[in-house]
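Chemist: Okay, here's what each chain looks like letter by letter:
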Amino acid sequence: KAGVTQTPRYLIKTRGQQVTLSCSPISGHRSVSWYQQTPGQGLQFLFEYFSETQRNKGNFPGRFSGRQFSNSRSEMNVSTLELGDSALYLCASSLLTSYGYTFGSGTRLTVV
Amino acid sequence: DQQVKQNSPSLSVQEGRISILNCDYTNSMFDYFLWYKKYPAEGPTFLISISSIKDKNEDGRFTVFLNKSAKHLSLHIVPSQPGDSAVYFCAASARYTNAGKSTFGDGTTLTVKP
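Residue numbers (the numbering used here), protein chains in the order written: chain A, 1 to 112; chain B, 1 to 114.
Think of the hints as simulated: they come from the structure by calculation, not from any bench.
Just so we're clear, the structure is a prediction, and the values are computed from it rather than from any experiment.
All C-beta atoms in this analysis are idealised placements derived from N, C-alpha and C, irrespective of residue type, glycine included.
Below, a list of computed lysine-lysine pairs in the DSS-like style, where the Cα atoms sit at most 25 Å apart:
| # | chain 1 | residue 1 | chain 2 | residue 2 |
| --- | --- | --- | --- | --- |
| 1 | B | Lys101 | B | Lys56 |
| 2 | B | Lys38 | B | Lys101 |
| 3 | B | Lys5 | A | Lys57 |
| 4 | B | Lys71 | B | Lys38 |
| 5 | B | Lys5 | B | Lys54 |
| 6 | B | Lys101 | A | Lys57 |
Computed, partial: chain B to chain A, Cβ under 10 Å:
| # | residue |
| --- | --- |
| 7 | Pro44 |
| 8 | Phe46 |
| 9 | Ala91 |
| 10 | Asn98 |
| 11 | Ala99 |
| 12 | Lys101 |
Computed list of chain A residues with no C-beta within reach of chain B, every gap over 12 Å:
| # | residue |
| --- | --- |
| 13 | Ser27 |
| 14 | Gly62 |
| 15 | Glu75 |
| 16 | Ser79 |
| 17 | Gly84 |
| 18 | Val111 |
Let's have the full structure, built from the sequences with the hints guiding it.
Modeler: Written out as structure tokens, the structure is:
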């Protein structure tokens with residue numbers, strides 16, 4: 001079966017711009033989580049959605065937002081990009097909010 | 001303050017021997033723990049989990065041990081195979097229903113030599 005699909009794989013943006021990243025979970029999975037991975041901070045939790053509702057949010061500024069659609073696909077948006085937002089953004093999905101999650105390969109965002 | 005720590009950045013073992021990866025946590029609210037494996041250019045893959053009501057969970061060659069009093073868990077891989085070479089992440093959450101909001105360690109790179 002198809003895994004978690006994240007698009008695009010790579011993205012280069014300029015400071016001050018905004019960006020939208022997309023995640024298609026495994027078919028049937030209703031829970032989607034987003035993480036930011038950087039060399040210095042490791043994997044940091046951004047937010048989690050279940051059935052279109054945000055269940056949890058990590059300690060990130062309000063410039064980071066997300067949503068989940070009725071088909072469980074999810075998007076995250078970062079506005080007013082800063083250099084420090086350069087990172088690998090990982091999306092993960094699970095059938096429920098328990099059990100292990102399946103991660104996508106990520107979107108590599110570079111802010112210049 | 002790092003709440004989940006994997007103090008060994010790397011580990012090298014011979015094929016067929018046991019690999020032991022360690023993880024410590026500080027947050028006493030954590031009661032559900034997961035191990036993920038990550039190959040280069042791929043996202044982490046879920047390996048095995050354990051709830052705090054247990055002290056051991058096995059799945060084939062992989063066994064996770066939990067010592068709640070020491071706030072320590074370990075992943076044992078027996079026997080180790082070259083295909084096990086990857087980065088292993090320990091993750092923790094408060095309640096298994098919050099597995100989507102996990103706190104991750106920095107990972108341990110395991111190299112299994114043929």
